[in-house]
Structures are given as structure tokens and as C-alpha cells.
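K.L.:
Residue numbers (my numbering), protein chains in the order written: chain A, 1 to 462; chain B, 1 to 462.
Don't take each hint at face value.
One copy or any two copies: either way a pair holds, since identical chains are not told apart in the list.
Claimed, not checked - Here are the simulated BS3-like pairs of lysine-lysine, each with C-alpha atoms no more than 30 angstroms apart in a straight line:
hint, residue 1, residue 2
1, K53, K43
2, K336, K255
3, K43, K178
4, K255, K53
5, K178, K53
6, K252, K336
7, K178, K252
8, K255, K178
9, K252, K53
10, K43, K255
11, K43, K252
12, K53, K336
13, K178, K336
14, K336, K43
Simulated from the structure, these hints should not be mistaken for lab results.
2 protein chains.
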Amino acid sequence: MSRRTDRTPMHLNAFLMAAGHHEAAWRLPESERLTGPGVEHYKHLARTAERGKLDSLFLADSPALQGDPGRRPSSRLEPTLLLTALAGATSRIGLIATASTSYNDPYNLARRFASLDHVSGGRAGWNIVTTAGADAARNFGLDDTPLHRDRYRRAAEFVEVSTKLWDSWADDAVVADKESGVHARADRVRRIGHRGEFFRVDGPLNLQRPPQGYPLLVQAGSSEDGREFAARYAEAVFTAQQTLEEAIAFYKDVKRRAELIGRDPDGIRILPGVVPVLGDTEAQARELDAELDRLIVPEYARRQLARTLRLPPEALALDEELPGDLPAEDEIEGAKSRYTLVVELARRERLTVRQLIGRLGGGRGHRTFAGTAEQIADTIEHWYDSGAADGFNIMPAVLPSGLERFVDEVVPILQRRGLFRTEYTGSTLREHYGLPRPANRLFETVDRSPGFTGLGLTAEAG
Amino acid sequence: MSRRTDRTPMHLNAFLMAAGHHEAAWRLPESERLTGPGVEHYKHLARTAERGKLDSLFLADSPALQGDPGRRPSSRLEPTLLLTALAGATSRIGLIATASTSYNDPYNLARRFASLDHVSGGRAGWNIVTTAGADAARNFGLDDTPLHRDRYRRAAEFVEVSTKLWDSWADDAVVADKESGVHARADRVRRIGHRGEFFRVDGPLNLQRPPQGYPLLVQAGSSEDGREFAARYAEAVFTAQQTLEEAIAFYKDVKRRAELIGRDPDGIRILPGVVPVLGDTEAQARELDAELDRLIVPEYARRQLARTLRLPPEALALDEELPGDLPAEDEIEGAKSRYTLVVELARRERLTVRQLIGRLGGGRGHRTFAGTAEQIADTIEHWYDSGAADGFNIMPAVLPSGLERFVDEVVPILQRRGLFRTEYTGSTLREHYGLPRPANRLFETVDRSPGFTGLGLTAEAG
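Assemble the whole structure, with the sequences as input and the hints as a guide.
P.N.:
Written out as C-alpha cells, the structure reads:
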């Protein structure tokens, strides 16, 4: 084991999803019956994660109904609003919302994230996604998903416009000087005059610079385009990795790409997904895992898998392996890295469709660890010490129980081993992740923060 | 006085705006120094309005920086997010956010309002605006504001798409049946398949039907197009009226237009704006009013007035009347009814530019009442009994003090006179306004609610 010598504490994010990441978690006898979108349920999860001193919590999203509404709780509050509600139920934990660059306007979205950062006192993060899937496209006047490369070009410009808007007020713009009658100094608030391939945005934003400068920028795609995007813009990366070797290779690859374009690789935190299934004994954990798989309704799961593979459901026989003639990743428009991950998992372990459904039902491609708290802490430590991760994206199979057990049983072990904080030391999400507050690129500031090197912005202030 | 015989209690809305509706309110010695966007300030205002049992609170908005940032606090949190934070600080009061149909997509916005309605337990309202002004247009890739009529056509289609999305889940869609493994019934969730002039939206929404069915639909434009839109879609109307005669005429006109298209005119609540400036004596109130006007910085105010009138600032001499050759309303693209109101006010009272600036600095065209609590209650009662209003949009010149005084001094007088509730009887915004929960137009329901006749929707479910 190539143990890290420095024992830098790791970072932990709680990925919240309704009744849990396993699609059948809501059917367990102990699961709460979610008949609404679950505001109180999410408040409880947020408070639990904060009790465990986790860095952040995270909500996935797509602007479309995902799959069959019968299969699992699929009624979802808009994430920036839900996190605003959770900001009021917590005081320290970071709040990361997914939002699409393909189906938003930068002015509105940059303002919402700045608002979340103000409301939460500097705890906002933005998971930047380009949104695969024709269902979403058809809610926005399109017939199908835009091309993968076009989506990523738009995403890059979207982030550049957003950072300019966040920078359009100098940190010292507001003076609120009653005597002179000047509320904000006109020379410290600027138009951005952005003219690009996808967007023309004059600015300035109608909201002063957020407490964190920018919300934390997060990215979760692992395709070739996704890695390039992460290397350039992301400060935290969520990724699905099935094996330790693949996780190490991914980690090295993203950090190397960042270095190649002149960024400090330590400015990116990489967090592979972990789906813990916890038991008092290993046997108990395995039984819970098996029970969850038994509760999957195969028809729902087969339709979902067929959608991922761009096949008609009847092309998948439950007790046979995947068909041999699937397209290669570069022929796929949509969630490329997810497609490849599913196909490679099935081929590597020679899984039948039914077995594959079981594996995907839990972590949807992320690694499931069924075991005791000690075993899960061991695995997390091993991955961490092997250079596969700066931390982990915790995706409990069952919620809230899986998060409660993780916080009450796994976190204390990691704390005893010196691997995780025992108290928050900062108050912002950037402070939790040990990342600097970005300097304002449109205004010289006296106290310029160091180190934010990800963005090649040019000021076009007017 | 044609006193109403029934004494139906009136409706009161608190229109919140930073340090107050008077542009110079922030300069008063007693005003809080707002150096940030004021989350805690707004929470205090929301709790104060709820203490007064007001029906609702309301936030104006435009997706652009409004005027000179030096003139007044102009850093604004996005309203649906701010109201989500205020939902957590209150339990009964309605929460109305302004959002633009010109600069949003219906899928995203309908979802945000549904989310706010879920998070607040049925307290959301949407003030539907088409957004005048080139500044906003230039934040969304346009050179100038779209034509007034086009904006209103888009608004109408936007509302139709939104209501279809809110109806895309039957109220009884979610069954959460652990036994059968069905979370929501597939035949109770439907695509909407909307194909219109401005939008193509497949649906369904990825969020179940909001507690109120739809958020309360509010409208605030008083131009010809605005009145037609209000008659067709609005359930509450905010309006600026300078004289009692004009207010009565407006009230009758909107109700008549509603009747002409087959709506029950009682299904629309009309609330003219009132800017109370309160004092222990009339002289004290007048002195506060005068002090506020003295605190206006004339250069800021002149630039703002010039913008409204589409003139260069130097065309306005401070101590002369408006130039004689202003364009007619039908030549104006933008905020037509506001333009006319300003011009008519200046002409009618032969105000100099400096005097006009003073009048607009307070209520921006809404009627300012400076006086004692008793005098303000008398005026409100007089307008109400004269058939000019179903209630009032309270716009305190100074915040929080103006709202505190209104709640503590004016509300008790209205309550004693039997004109206003002494306790909330309902829990949703619709219940406060005495308006029905709309039936679902895409699904037959057993318990069909009566009376919502505003929308000519047709189901195109697929």
C-alpha cells in the first residue's frame, strides 16, 4: 500500500437522492413513504450529514422526468430552491446543486447560484452538467440532444460568462454611504459586454459578488470531453469508478491534464462514488444488499437499461448477457462515459442482464461496498492511500438509514484514524475543501486571493 | 360614499423592497445599512407582515441591474430563492415572486414555482411579467425589448404551457405502493405534447402537482394588453392608480373584461398600490415625506426619469415642466402604462421635473398617503367602500419601520372596523385570497374544484 505520508484529511460529500441510491430502497419496510417531494426528509438528511461534519451535500438533476414514474420516487424539487430550504436547516455544510448549461441562460443561472451563496453565507456549489437525453431536449423545443462536443463548447462559454457576471461587482462596490447618497460605487460595478459563440450578455449582474467569489465549480462527466472540461474548470470532480486501478488511472489523468494547461493539480479535488450498504456483520450487509436487489421490478429496470444502451427493451433477455454488437462510445450521443462504464462492467464480469440490473440498481455504475463500518472504512482508507481519491462521494443505498449509519459508525472510525475532520474549521464550502476564494478578474483588488488558475478570462468591461 | 353592504374583508399584500419604496429611504438615519442583499432584513419583514395577518408578500424583479447602482440598494436576490428562504422563516403568509415570461423557459420556471409551492406548503404566487427595457434584453442575446404585443402573446402561451405542466401529474398519481413496487401510477402522469408559436414542450414535469394546483397567478401591467391579459389569466392584479376616479374606472374595466370572456369577475382580486408615510401626527408624517424628498440625489433621479421618458437626461430641466413634445403611449415599446402614468401625473398637476422626481421617488407612480394611522385607515376604507379595490398593495416608503407601523397601527384599526381578518383561517395563499384550487385539466378528478375559468386549455396528452 503506497500510503500517503501527509495524512491530509479527506473530503466527504453526501449525495442525496430521495429514498436512497438503490432504485428499490423505497420498498424496504423501514423506508419512509415519500408521497410528496420530501422537503422534511431532505432537511433531516442535511442535518444528519452536517452532524457528521461532511464537507457538502449534493443533488443530481435533469430538467425532465427520469424513466418510469412507477419505478422509484421521481418527483424532484428544483435543486437550487431545495438547497435554499436546506440552507435554513443547517449552518455549516456545503450545498451543491446540479444545473444544466444546455437548458439554462447564464444570466439567470449565475444569479441563482450567487443568490444561494448569499443566502447560505458562502456554502454554494454548482455541479456543471451538459445534460444528455432526448427527454430533456424535448422540453426545450429541440428534437434531440445537441451533439456532445457542442454541449461541452457551450458549457465552457457558459462558465466563462457566469464568472464574468460574478465578477461584475468588485468586492468593495457597495459602500452604503448615507452622507454622500452613494449606495454602490458606479466605477466598481461594470458591464461585461460578453460576445461569444453561444451567448451575448451585457451585464452587470443585478446582485453583488457572492461571498465565495464564485460558487465551488463541480463537474461529474468522465468522457474525454468531460475530463478536458474538468481539467480546465472543475474544482471538485465526482466520478464513477468500479475498480481501484481504474480510479487511480482516472485520478492521475485528470491531474495531469490540469498540469498541462498550467493549473495547480491540487486545486482539483477528485471524489469517486461509493455506495455503502452497512450491516452489523458482513452477512447482514450482504443480506440487505440481496434484499434490495430482490425488490427491483425487472421490467422497470430493463426499460431503463435499454434506454442507456439505445436498444429496444426486447433486445435484452433477462438471463442472457448483453448482445454482442453494441455501438462504440464514439458513436453515442449522450452520457458517453456512463454508457462505456455499463458495457465494460457487464463484459468484464460476464453478467447476465438480470445480474447487471442488480449491480446498477444499487449504485448505477458506482462501486457498492456491502460490509461492516470497519470494512467500509478500510476500503475507503485503502482507496485514499492508494492515490485514487482526494475524498469520496457517499451515495447511501438506503436513505436516511444508510447516511445515519455512515455518520454514526464510519465517520468516527475515519476520525480516529486521522483521516477526517472532527470539527468544521471554516465556514464556507471552499474553506471545507481547502480551496481559495477566486480573485476578481474584472477588478484589481487590494487583497488578491492566490491560486485560482482555472479560467482564461479576459475582461471586456464597458 | 357608496358603502359596500357586505363588508367582505379586504386583502392586503406587503410589497417588499430593500430599504423601502422611496428611493432615498436608505439614507435616513434610522435605516439599517444594507451592505449585502439583506437576507435577514427580508426575514424580519416577512415575519412582521405575517404578524399583521397580511395575505401575502411580494417581490418585484427584472433580470437586469435597474438604474444607477449608486442611487439605492440595487443588489437583488433571485425572488423564487429568496421566497424559499422566507418560507422557512414564516408559516402562513403567501409568497409572491415576479418572474419574466420573456427571459425564462416554461419548463424551468413552472418547476421552480411548483417547487416553491411544495416547499412552502401551498403559499406560492407568480407575478407574471413580460419585462420591459433594453437592459434586460441585452442580457439574453437580444438588442432591444421584443415588441409589446409579441411579449404578451408569448406570456399567454407561457402561462398555458405552465398550467399544462402543473397538470401533468394527477393529484392522486403518487401511490408509493411498496407491495406492488409502483411508486407513481403511469396512467396518472402524462406528456403534455405542447406545440405552439413560441414553445414546444413535451413534458411531463418532473415534479408532482403543487399543493395549490397552480400557484396564484398575479399580474401587474395596466396597459391595454396588460388588462386583456389580466382579464384572461390573473387571479390578483397589482395596479398603480393616482386618483380614486381612475382606480374605480380601472377596477370596473378589468372586471368587465373578465365577464366578457366568461370568467366570474369575483375570481380576480384587484389591489391598487398605496405608499403609506406614517407619523404620530399629520405634521410629523408630512415632515418625514419632505425629508425623504430632500434626500433624493437629483442627478440619479433625473437620469431614471429620462430613461422612462426615452429622453436624454439633459432634455429635462430640473425647475421646468416636462417638454411638450413627448411621444404618445402607442409609440412606446416597454412599460407603456407606467410611461402614461408618469406623463399624465406631470401634466395634470403641472409639476416641474424636480417636483415630479419627488412624487416618483416615493411611490414610483403609486399613490402616497402621508398621515396618521387613522387617516390612512380612513383613506383605505374610503377607496375600498367606493368600489376601487378588493384590497391594497402596501408599499411602505421606509422599511422596516413603515411596515412595522402599518402592522401595529393601521391593521388594528381595519380589524376593529371589520375590514380585515384578525386571524388566518386558511393555510394556502389561495385560501387567504378566497380563491378556489384549480381543477386538473388533463385528468378527471373525483373531487373537481369549482370555479377556475380563466384558462382555455386543451389537453394534448400523449
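K.L.:
Confirm or reject each hint.
P.N.:
How the hints compare with the structure:
no.	hint	in the structure
1	K53 - K43	both (15 angstroms within a copy, 27 angstroms between copies)
2	K336 - K255	within (21 angstroms within a copy, 56 angstroms between copies)
3	K43 - K178	between (40 angstroms within a copy, 23 angstroms between copies)
4	K255 - K53	within (27 angstroms within a copy, 57 angstroms between copies)
5	K178 - K53	neither (42 angstroms within a copy, 33 angstroms between copies)
6	K252 - K336	within (20 angstroms within a copy, 60 angstroms between copies)
7	K178 - K252	neither (54 angstroms within a copy, 44 angstroms between copies)
8	K255 - K178	neither (50 angstroms within a copy, 45 angstroms between copies)
9	K252 - K53	within (28 angstroms within a copy, 60 angstroms between copies)
10	K43 - K255	neither (35 angstroms within a copy, 44 angstroms between copies)
11	K43 - K252	neither (36 angstroms within a copy, 47 angstroms between copies)
12	K53 - K336	neither (34 angstroms within a copy, 54 angstroms between copies)
13	K178 - K336	neither (56 angstroms within a copy, 33 angstroms between copies)
14	K336 - K43	neither (33 angstroms within a copy, 45 angstroms between copies)
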